[in-house]
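Peer 1: In case you want the letters, here they are:
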Amino acid sequence: MTKVTMTINGKPRSGEAEGRTLLASFLREELGLTGTHVGCDTSQCGACVVHVDGKAVKSCTMFALEADGAQVDTIEGQADADGTLNSLQQAFQDYHGLQCGFCTPGMVMSAAALLKDNPKPSEAEIRHYLEGNICRCTGYHNIVRAILAASGQDVPAVAAE
Amino acid sequence: MYNFEFVKPSTVEEAAAALQGEGAQALGGGQTLLPTMKQRLASPETLVSLTGVEGMVGISAGDGTVTVGGATTHAQVASEAASAYPALAALAGQIGDPAVRNRGTIGGSLANNDPAACYPSAALGSGASISTNKRNIAADDYFQGMFETALDEDEIVTSVSFPVPEAASYQKFLQPASRFALTGVFVAKFPGGVRVAVTGASNNGVFRWTEAEEALSKEFRADALMDLRINHLNMISDLHGSQEYRAHLVGVMTRRAVDAAG
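Line by line, the protein sequences are chains A and B. Residue 0 is where the first sequence starts when you use numbering that gives the first Met the number 0, and the numbers rise one by one after that. Residue 0 is where the second sequence starts when you use numbering that gives the first Met the number 0, and the numbers rise one by one after that.
Honestly, the hints are just simulated from the structure, not real lab data. Fair warning: there could be bad hints in the mix.
[Claimed, not checked] Heads up, simulated SDA-like pairs for lysine to any residue below, C-alpha to C-alpha not over 25 Å straight-line: (1) B:7 with A:119; (2) A:2 with B:134; (3) A:10 with A:53; (4) A:115 with A:32; (5) A:54 with B:9; (6) A:54 with B:44; (7) B:133 with B:21; (8) A:119 with A:152; (9) B:7 with A:153; (10) A:2 with A:18; (11) B:7 with B:89; (12) A:54 with B:89; (13) A:54 with B:134; (14) A:2 with B:44; (15) A:119 with A:69; (16) A:2 with B:251; (17) B:7 with B:45; (18) A:2 with A:43; (19) B:7 with B:62; (20) B:37 with A:81; (21) A:119 with A:153; (22) A:10 with A:119; (23) B:37 with A:43; (24) B:37 with A:152; (25) A:119 with B:9; (26) B:37 with A:150.
[Said to hold, decoys possible] Chain A residues, not near chain B, derived (Cβ > 12 Å throughout): (27) 8; (28) 12; (29) 20; (30) 41; (31) 54; (32) 55; (33) 58; (34) 66; (35) 67; (36) 100; (37) 116; (38) 127; (39) 131; (40) 139.
Fair warning: this is a prediction, and the values are worked out from it, not measured in the lab. We treat Cβ as the ideally placed atom computed from N, Cα and C, and that holds for glycine.
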């Protein structure tokens with residue numbers, strides 16, 4: 000086991016990891032940050048997306064030791080300290096961008112990465128960017144609408160096909 | 000997955016020395032290697048991370064060449080090579096999905112040489128030079144069949160230099176579940192002739208379609224290919240497409256690439 004230290008959601012956190020410990024496992028099992036979900040474990044579904052040094056990555060497809068010393072942002076760091084949802088999370092609630100909620104941490108983190116690079120994405124750009132995030136409930140329309148709303152743009156009553 | 004020893008050297012020399020150990024394997028972005036290890040299709044005893052190695056990240060352009068560091072991610076190439084070599088940047092921006100592109104590296108892709116990966120077609124189609132800690136290897140000598148390359152066990156792709164063509168395009172027929180190319184074609188028009196590299200189609204991995212190159216070197220128009228057919232006998236056949244289907248796609252995607260390159 001090796002000691003690993005990261006800055007997670009702005010705070011230094013340390014734990015023990017084996018070589019094979021995935022970043023997702025380290026966050027969930029070693030640090031108790033279970034907001035990051037593991038859906039498929041095959042880098043298909045995107046439920047495990049976190050930001051490492053500002054970049055969206057699939058934490059099930061990165062070793063914890065590779066993130067030693069990195070800045071890591073997870074879903075737990077998105078809301079304010081008092082629990083108030085940030086504007087993106089609030090938009091997911093307002094536009095019913097989730098049903099079972101399993102994919103939502105990854106959806107929110109991917110959407111946050113998109114909006115950082117592209118503050119006013121088109122609907123097509125949003126759909127394209129979410130290619131690596133799978134949702135089995137919503138059919139995606141309301142997720143796309145939520146991200147349009149969070150970016151301050153008009154939201155179509157019914158999302159286009 | 001099975002456990003292993005993890006080492007993170009800071010120089011290419013240290014990394015190469017670590018790779019000489021038995022059961023050692025280089026780790027780039029890990030976007031192929033980790034899934035492979037989870038399935039226990041690979042079980043290295045030592046993983047040599049290349050993410051801490053200095054001087055292997057970045058893109059430089061000049062003298063008609065774009066050089067990409069071996070540990071440069073697909074996302075970096077997609078954004079930073081866009082003005083110097085647009086077709087290369089466009090190819091990088093179609094690999095996997097955004098999170099995969101933030102980790103996966105050009106060196107990892109070329110070292111793995113997946114028969115359906117995108118980058119091998121850009122390297123072969125551009126006539127790139129692949130630089131390692133030991134030597135420079137011409138793309139024509141580098142790709143040696145499915146998952147086979149000219150690399151030695153302790154050889155690391157440190158950078159890749161792409162001659163920039165007058166016109167180029169990569170056209171990918173997406174296999175939407177895997178996000179790999181069901182068939183992809185990279186066409187590059189140089190003053191001395193046209194190169195056509197095909198990925199995703201052949202049991203031998205990426206290859207040059209020389210008949211198309213000859214026809215396009217005479218006349219760079221999609222119509223110049225209308226009478227050309229490629230033999231299907233060595234094409235990949237799987238549940239996504241038969242040999243005949245892939246052979247047909249090679250023609251279709253090459254014509255689309257010529258049209259897009261203009």
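Peer 1: Would you mind marking each hint as holding or not holding in the structure?
Peer 2: Hint by hint, here is what the structure shows:
no.	hint	result
1	B:7 with A:119	violated, 39 Å
2	A:2 with B:134	violated, 37 Å
3	A:10 with A:53	holds, 15 Å
4	A:115 with A:32	holds, 23 Å
5	A:54 with B:9	holds, 22 Å
6	A:54 with B:44	violated, 29 Å
7	B:133 with B:21	holds, 20 Å
8	A:119 with A:152	holds, 7 Å
9	B:7 with A:153	violated, 48 Å
10	A:2 with A:18	holds, 11 Å
11	B:7 with B:89	violated, 31 Å
12	A:54 with B:89	holds, 19 Å
13	A:54 with B:134	violated, 33 Å
14	A:2 with B:44	holds, 20 Å
15	A:119 with A:69	violated, 28 Å
16	A:2 with B:251	violated, 53 Å
17	B:7 with B:45	holds, 11 Å
18	A:2 with A:43	violated, 29 Å
19	B:7 with B:62	violated, 34 Å
20	B:37 with A:81	violated, 39 Å
21	A:119 with A:153	holds, 11 Å
22	A:10 with A:119	violated, 30 Å
23	B:37 with A:43	holds, 14 Å
24	B:37 with A:152	violated, 41 Å
25	A:119 with B:9	violated, 39 Å
26	B:37 with A:150	violated, 37 Å
27	8	holds, 19 Å
28	12	holds, 19 Å
29	20	violated, 9 Å
30	41	violated, 6 Å
31	54	violated, 4 Å
32	55	violated, 5 Å
33	58	violated, 9 Å
34	66	violated, 10 Å
35	67	violated, 8 Å
36	100	holds, 20 Å
37	116	violated, 9 Å
38	127	violated, 9 Å
39	131	violated, 3 Å
40	139	holds, 14 Å
Of the numbered hints stated above, those contradicted by the structure are hints 1, 2, 6, 9, 11, 13, 15, 16, 18, 19, 20, 22, 24, 25, 26, 29, 30, 31, 32, 33, 34, 35, 37, 38, 39, listed in ascending order.
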